[in-house]
Amino acid sequence: MAVSEAILAQVMQAALLPALAPLLTGIVRKIKARLQLRRGPSIFQPYRELARLLRKESVLANNASWLFETAPLAVLAFTWVAACLVPVFGPELALGSAGDLIALTGLLASARFVLTLAGLDVGTSFGGIGSSREVMIAAVAEPAMLMLIFALALIAGSTHLSAIAAFVESPALGLRISLGLGFVGLIMVAIAENGRIPVDNPATHLELTMVHEAMVLEYSGRHLALIELASSLNLLLYVSLIAVVFLPFSANLAIDGAPPFAVVFALYLAKVFGLAVLLAFFEVSIAKMRVFRVPQFLGAALMLTLLAVLLRLVSRSL
Amino acid sequence: MILDAVLLCTAALIFVAILAAAVGHRAPLTAPVYAASAAISAVALGFGVCTLVTGSTGALRLPIGLPWLGANFRIDALAAFFLVVVNLGGVAASVFALGYGRHEDHPRRVLPFFPAFLAGMNLVVLADDAFSFLFCWEFMSLTSWALVVSHDREPANLRAGYIYLLMAGFGTLVLLLAFGILAGPQGAYDFLSMRSQHIDPAMAALVLVLALIGAGSKAGIVPLHVWLPLAHPAAPSHVSALMSGVMTKVAVYAFVRIAFDLVGPVDWRLSMVVIAVGGVTAVLGVLYALMEHDLKRLLAYHTVENIGIIFVGLGLALAFRADGLAAAAALAATAALFHVFNHSLFKSLLFFGSGAVLSATGERDMEKLGGLIHRMPKTAILFLIGAAAISALPPLNGFASEWLTFQAVFLSPQFPQWGLRFLSPATGALLALAAALAAACFVKAFGVTFLGRARSDAAAKANETDGASLTAMTLLAGLCVVAGLFPGLFTAALAPVAQQLTAAQMPTTAPWMPLVPTATSANSYGGVFLLLLLLLAGALIALALRLFANAATRRGPAWDCGYPDPSPATQYTAESFAQPIRRVFGTIAFAAREDVFMPGPGDLSAARIHVRLIDHVWEGLFAPIALAVNRIADAMNPLQFLTIRRYLMLVFLSLVILLTVLALWL
Amino acid sequence: MSSLNFDTSHLLAGGLVLMSFVMLYQDRLPSLINTFALQSAILALAVAWQALVQHAPHLLVTAVIAAALKAVVIPLVLRYLVRSLGIHRTIETVAGIGPTMLAGMMLVALSMGLMLRATATSDIFAREDIAFALSVVLLGLLVMVTRRNAVGQVIGFMSLENGLVLAGTGAHGMPMVVEISVAFSILIAFIVIGIFLFRIRERFDTVDVAALDRFRGDRQ
Amino acid sequence: MTLPLDPAQATVLIPAGTAALLLIVPFYRLGAAINVFAALLTLAAALALFVVRPATGGLLGVDDLNIVFVVINTLVGFTTSIFSAGYIAHEIEIGRLTTASLRFYHAMYQFLMAAMNLALLTNITGLMWVSVEFATLTTVLMVSLYRTREALEAAWKYFILGSVGIALALFGTILVYMAAQPVVGEGLPAMTWSVLVAHAAKFDPALLNIAFVFLMLGYGTKAGLVPLHAWLPDAHAEGPTPISAVLSGLLLNVAIYAILRFKILLAANAGAFAPGPLLMTMGLLSVLFAGFMLYRRRDIKRFFAYSSIEHMGIIAFAFGLGGPLANFAGLLHMAMHSLTKSGIFFSVGHMTRIKGSQRIADITGLTSSHPLLGWIFVASVAAIAGLPPFGVFTSEFLVVSSAFAHRPLLAVVLVVGLLVSLGALVLRVNSLAFGEPTGSVEPSRMTHLPMLLHLAIVLGAGIFLPAAIAGWFQHVAQMLG
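Residue numbers (our numbering), protein chains in the order written: chain G, 1 to 318; chain V, 1 to 666; chain C, 1 to 220; chain D, 1 to 481.
With the rest of the complex left out, here is chain G (with noise of 0.2 Å):
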């Protein structure tokens, strides 16, 4: 693909994923309240929840800092260069030299840190219990997501998402056990760092249950809008990320040579929404955990890459 290309579809990219965002939220919320058996609001909901919070005026706590005030601006932009390091639309990338996987789980976890800070400026007693289980949950999170890169980079031989989207388009690749063993433990990590159900639930405030929510519950207006939007373009980062790694169907319409950008486009649409099914299908259908036992489920998810790597390390010395 010619730089010029390139460029084009980092820009679009980088413009694209945080206007589709809140509308892969909506998308989640919609299909949960059907499954429910409720109607539920629209799926443009997200979106005028945006507005609304923009137009209201935003309240600090009095010894807020300047550090709370940043924090939110801090976040969205790390979350979205972040967002910007997966190539959606066919393995090139202009921005791609720019990082790899581990920069990009660099860049959420710099997201995080900011956030979990956040949590504990005003010193309230919810911001603390969110940031230490955050930094908890995060602490487990994080090797998981790493041996999944390791797995990766050893089936592609590279940590560069471009690179691994190539090769897990290109035929040359065959069935993997250890990609299926990925697959299984990227899904538990995301479900983790969006803070989903089982983990937690985006949509309580519930003391003792909430992790993400009690973080930023000193938040409002234009800065609540803001941490919303992150936490949206997190989940859709998260769901391209399975999309562009283990769904490459794109590679099988390639009429002549590159295929169309509309049909990659339309056919990326349809993975996130099928993702965004299963997602709903998922947490509907599961309760969530108690605090404590989160670890567990994280440390299922670090043996499962773990063993992906252990498996394609003996598959490889055959």
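No lab work stands behind these hints: they were computed from the structure. The beta-carbon is built from N, C-alpha and C at its ideal position, and this holds for glycine as well. Hints may contain errors.
Stated by the list, open to error - DEER-style ranges, computed between Cβ atoms:
#1 V:D457 x G:R290: 38 to 48 Å
#2 G:R48 x V:A569: 38 to 48 Å
#3 V:L535 x G:Q36: 18 to 28 Å
#4 G:F261 x V:D365: 30 to 40 Å
#5 V:A635 x D:A33: 47 to 57 Å
#6 D:L13 x V:P28: 54 to 64 Å
Said to hold, decoys possible - Away from chain D, derived, C-beta distances all over 10 Å, residues of chain C:
#7 H10
#8 A41
#9 A71
#10 I97
#11 M101
#12 R117
Dock chains V, C and D against chain G, hints included.
Just chains V, C and D now, with coordinates in the frame of chain G:
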């Protein structure tokens, strides 16, 4: 030429020390001494940098020390790099101390030893024979010990100094044994002949293990780390920064010098030992740090974690080198050394920050701090940079070096040996765990210390620290950012070192271009790109807000789900912040137990929670030794109080026994 | 002639060893002192004989010292001490007489076995003398470590020294024997004075742990 | 140049004459002054040995081995005499001593010097034995100087054990003569070092072996090697501090020196057994034993006495190990130890007189109350613990590293011993030099010069070892085999 100049610098430092000791009681020398140390270290730093750049080497033999051996000094790429690390830390610490040292109430206990300590570290890096090396090594330990016990009125510091000096002596003797093997029966103590002679693999293995133990005991690898969290905080903060940020690196230098330079090729199995030790050290170190609520001890424990990361890198380098994978070895070695540099930056920065907090509030206990971001904004932001860097967050330097280490781990499929193939990914997982926990640890450190509401009057009344301290911290913070944005610059500077250690080097790119681990790899990381993207994104978001959002902001009481509580005691403390992680990991690592006392209905007494942690290393390794020594001492003591006749009996018996031996032997 | 020389010196040296055994046998102070005096007298004879045989007149000085000081003066002084300090007449021995004698036998066997083989090359007089001397030395030590009584130990030491003098004179033409024996006599004089000076009554090993608590300053 | 008497004789005769003189000098201040002056003269004579080395032969002989130790001996004798002047003056003030006993003390001091110098310089085995015996007698008298029950107790213990040791040494000396006599003929030559070493190869090895056992135990008792050490701690603890300094610094050296002399004989004789194992065993025993005994000591002088035992052990181990490196290290360690340890006893003297107690528990926080004294003490203990930049580090470095090259296991044992004693030393330094000062804080009126001098020399030797001294040591190391 350069070597002579650097040696002159150390001589000047020693002279300053003597001067401070000689006339210290007449005039307050705080400012002059630290200014002089800063200047001299700056000069030495310059020489180190230009040696590293020009790649020149030099050797020198002074007619002191052992007459037939002399004191050999040599500067090569490796030495030059560590010279840079040492003197950079020296400059920063001296500048910081220009301000911080004024709060010292017994300056005469600190001033003479500080320059001597700097000189000692410089000399260790330059020494080129076993005698001078250990001489300077132990001199370094001795001076730092004097600094550790400088506040000798607190018994805790004395205990810390006691354990520290014992461990230092232990390490020195172990290294001495290693050098004894290397030197051989003829006592060829100079490194040159050590390199040239080839010892058999078994002996080489023994040397490597001894080096790991000896140097590791000073660097603080588990389980030899026990002295470190005691000694580092006991010293004045600028010295803590030097000990934690720089002296541990000198220990790393010792290991590198022996393992890569002197013993020659070593078996890959040994590299597995190094890697495993490094991984365990990393995770345990950060777990220890998470359990701490004394700010300086937390930092000291966290040094253990970074040492672990460094040793993982070094172990990988050894393994790759043993298997003849030069490029990969170069990558691993560069990663480790780059992390050495980075850690010396942000660990010094963080210790300076804790020192600033300490001098502003008189508190090291985080549970009595809080809200300092309002009182000490500059210190807060500098400390935040350090915290983010040490938590390996892009686009700062900690992430760059950990990224390289991970890249080295990802090359492990190239290993022909099964053990290494399985060990490396597992270690990678350990490193990831350590990184995540480190982030948690510094969210706690920064959040509890600087955010929230003040937990004590001292914290509420704290004032921003002085200019000199801020200058030093700003210098280091700036370097952290630069090293994060342009890692290529530093990996390029490390190329000669990697060449010397592994006979290969990383592909060098233009400093602003993304970093590429190996020539064949497609991976890359461009810190500066990421920063630009972040700035762009931030600007766009800010613009969007300006255009579409309601800019009005109202201040009010915290909402806190409708039940705001004015008392600072309701905030999350350091203990409680670490509680989930303690629940998850502590039960294995520390046999952590929480005893909760909940008063019954109608009982008005307060509920209590009592947390008990067990340091398995101390309980399992060091306490028994101390116990054994005491037992033996008790058992032997009666021999002091025998009767003369019994003593005569001893003489008589030994005579008879010896004669009998002779009679049978003749 | 030489056989006569040899037999005589052999006889005298053997006499010394015999006396040492008698000392081991003694369990009362006065008789112990007498035995020592007798041993010293025999020593004087042996030294004198050596002086005759080796044509070394200076050895006579040693002989005279031995005879005068150790055979006469010191025994008298010791008697006086025993009386004036009211020291018990009986001697506490660590082990019984029987085992001590047995140990003595072993020591003699040891020294003979050692010396006679070691000095196979040197001349016959020296061999005999040195072997006997060693046994006397060892027996003297044995007396020292088996007697709990101060005077008993002192006498053990002095008989040890008799053995040394015998060895010194036995070694042909050894210079400075006189000086050495004088120096040694001073040493012994000191010891005897020491008993008196330091008021050491029953034994000089009353050092028990309880006492240390009081004054050794190293236990409290 | 023709002197009335050559430096060697002067080194022996000056103190001997002074001793006689001092016996009749009534005023203790004058006595002290004469004492210092004579010691200075002796030192000058000893230093003159560097310039004019008298021909070996006759009663006295100077060679590379003893020249250094004579100089150290006279030097420490000189500094100690300075120290003892101030110390004794104070003892008079508080009435622990009478002027009469002082007269005696000074005379004995010089007499002791004469005896030790003779022991070092003489060329005759018998004469060496006589002088060692007289040294023993004098020190016994000086240990019992205070007439307290403890002092008498210690003196008596020292006396009895010392006498037995002396006796054994004499027997060994006679045996050596008997071994030599068939080869070099009767008379004085068979007792002369130079002759003995020349003909040692032809001696009867069996006799030499037995002789060495006796000499080892005899002089080893004087050197305080375990298990012959019993007299040493108490003698150090109960005598006057200057005498403790002389005992630790000099007399132990003389004993080791005697053993070395005979070791050279054995080394020169092919048939004789190697004394190495014996020396190493006793050495390691001493190191370990002393190391553990240090922990329970409450009396500061007894504490450092045990540390002396430990260092004698290190020295014995080094010589037992043999080889040029280890022997060199042993010789260096002897020199360094005597300087450092006597310096430590000086500072201990300062402390005990300031605090009026010898108990470690009664002395704390010296660096706060008496900075100069305190830091000198800390530095001296660092030196004795074998930390750079002091000379002991050099010797311990050589001992351990060469030991590990030859006998790894023994080296490990030695390292353990060193660590154990290091632990004890640091523990005590912590309580003595740091923390809150207790007790009297009056400034010390005695001079710090002797301590500083010793420390300076040890420091200098640690950094720069003059080639000449190193050369002598290396030559002797060769002879020691």
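For each hint, the structure was consulted:
Between V:D457 and G:R290, the C-beta spacing of about 39 Å keeps the proposed range 38 to 48 Å intact. For the pair G:R48 and V:A569, the supplied restraint of 38 to 48 Å holds, since their beta-carbon distance comes to about 41 Å. Distance hint check for V:L535 and G:Q36: the Cβ-Cβ separation is about 43 Å, which falls outside the suggested range of 18 to 28 Å. Range check, G:F261 to V:D365: Cβ separation about 60 Å, and the 30 to 40 Å hint is violated.
Here the CB-CB span from V:A635 to D:A33 is close to 50 Å, well matched to the stated 47 to 57 Å. For the hinted restraint 54 to 64 Å between D:L13 and V:P28, the CB-CB distance of approximately 55 Å keeps it satisfied. With a cut of 10 Å on Cβ distances, C:H10 stays outside the contact zone with chain D, its closest approach being about 17 Å. For C:A41, the non-interface assignment is confirmed: its Cβ lies about 21 Å from the closest Cβ of chain D, beyond the 10 Å cut-off.
Remark: the non-interface label on C:A71 is consistent with the geometry, its nearest Cβ contact in chain D lying 19 Å away (cut-off 10 Å). For C:I97, the non-interface assignment is confirmed: its Cβ lies about 23 Å from the closest Cβ of chain D, beyond the 10 Å cut-off. The Cβ of C:M101 lies farther than 10 Å from every Cβ of chain D, with a closest approach of about 22 Å, so its non-interface assignment holds. For C:R117, the shortest C-beta to C-beta distance to chain D comes to about 7 Å, within the 10 Å cut-off, and the non-interface label is violated.
Consistency note: the structure conflicts with the earlier hints numbered 3, 4, 12.
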